[in-house]
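Student: Mapping of the sequence shown onto UniProt numbering: position 220 corresponds to residue 220, and the numbering continues sequentially without gaps.
Simulated from the structure, these hints should not be mistaken for laboratory data.
This one's a predicted model, so the numbers in the text were calculated from it and none came from an experiment.
Watch out, some of these pointers could steer you wrong.
Claimed, not checked - In silico EDC-like links for lysine to aspartate or glutamate, alpha-carbon gap of 20 Å or less:
id	residue 1	residue 2
1	K172	D234
2	K335	E311
3	K309	D339
4	K172	E219
5	K335	D376
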Amino acid sequence: MPGIVTAGLVPRFKVSPKANKQLRDFFKDRAWDTVGQPPSPATATTAAATMMARPARRPPLSTPTLYVGRPPQIVYGSLDVGSELVWVPCSSCTNTACDQQAKQEGFYLTSSSESFVEQNCRGINCLNFLPNDPRSCDGIGYCAYVYTYGGANGKKTSGTLSMDEFTFGSTKINVSFGCGFPDQVDFRGQPGVIGLNRGRFSLVTQLQLGRFSYYFAPEDRAGDSVRLFRFAEDAVPQTSRPSYTRFLTTGAAASRYPLLYIVGLAGVRVGGKSLSFSGGSDGDGSIDAFLSTSVPVTYLERTAYGLLKQELTNTVGFAIGSSVLGLDMCYTDGKVFPDMALVFAGGAVMQLQPRNYLYRDASTGLECLTILPSPDAGGLSLLGSLIQTGTHMIYDIEGSRLGFESFDQPSNRASSASAAASPQIPTAAAIACSVWCVVASMFL
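Construct the complete structure from the given sequences, taking the supplied hints into account.
Tutor: Below is the structure:
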């Protein structure tokens, strides 16, 4: 039996079962529409039949490219700063027809790489990856695993822990990664995942990266020349006006979730009014928030969310909940929204655009806030991918700080009318939703 390993201890953001399904379906459906990937057909009986049955798959917009093997093969993975494992869908095809279809599908062909090695279940890497696995090696001896996102009831990917040569520019390095089975259910038809948290097997740790950065371009700037993912010496500010806030590495939140990237959120600006938050574990007048690229929406600690909701009620008017969308604050078209900004511990300010916190649904005519309350007062907050869209996010691990800079031109935005020209779901959501569809149970 394969060993079971989880993506790590992460906060669970539970909402009602009804809202859970609505949010999941809402973002999942629109992710496919935006990405341009059709849902996969029913399960085929064999791996080869499964690959032959699926239509050719395009990678999600701006999904990072990985070059794996010798000679290098192009595979794709979605960034996930909340999980550890780097894995790609693999195929061991040996006949020409299967091989060609697998390439179109984006599979990594293990038989085509001279440097591919499946790791032994008695090897040190396997023992570190599955430290609590009491099983003895099977007859083959490979390090088989089932990697679970979200605990026992979460989504799963299965495969074998492997090693191969990854190419980054002129640098080549052997990386331990998951070679995902082609017939798995939860991740069928999707790219792999690039785990970037602080864990032993993340790409950050294996490459000993001092920093990395990413940029999710909004759809009106989808042709930006700015690269999505940078690391090491390339992960530097691209403007003269970056802002920084420190990562929280001590305190209750960091102790409980040591693999996550946690920052202090001091408050939010709504129009000309500053709302201050408190109750975080650092004792500096902020709340604890961890960063996510796999969940589109943002969750604020319940008390902090209450302050925001009250101020929006005062300035915009009473909201209606959407039973269709599962979002808490919705308005009919034509409401005037104030400017908003996040204020981090230390004073750094992230100015938000309407696309970062509003979603306009054409089918219902509603415009909804994509910020929700966390389950418990005093709990962790989550900064989702929508709120990061259009911002270059720089993880300075050596300096223990988060940097960010906007590539938007300054503008005077008087209302949400400008959001009408914005896409319904920005590219960041599409990228994140390629993982959201299968990782969302970590949080909902």
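Student: Indicate, hint by hint, whether the structure satisfies it.
Tutor: Comparing the hints with the structure gives:
1. K172 x D234: holds (16 Å)
2. K335 x E311: Satisfied, since the Cα-Cα distance of roughly 15 Å is no more than 20 Å.
3. K309 x D339: holds (14 Å)
4. K172 x E219: Violated, at roughly 33 Å.
5. K335 x D376: violated (30 Å)
Figure legend: structure checked against the earlier numbered hints; hints not met, in rising order: 4, 5.
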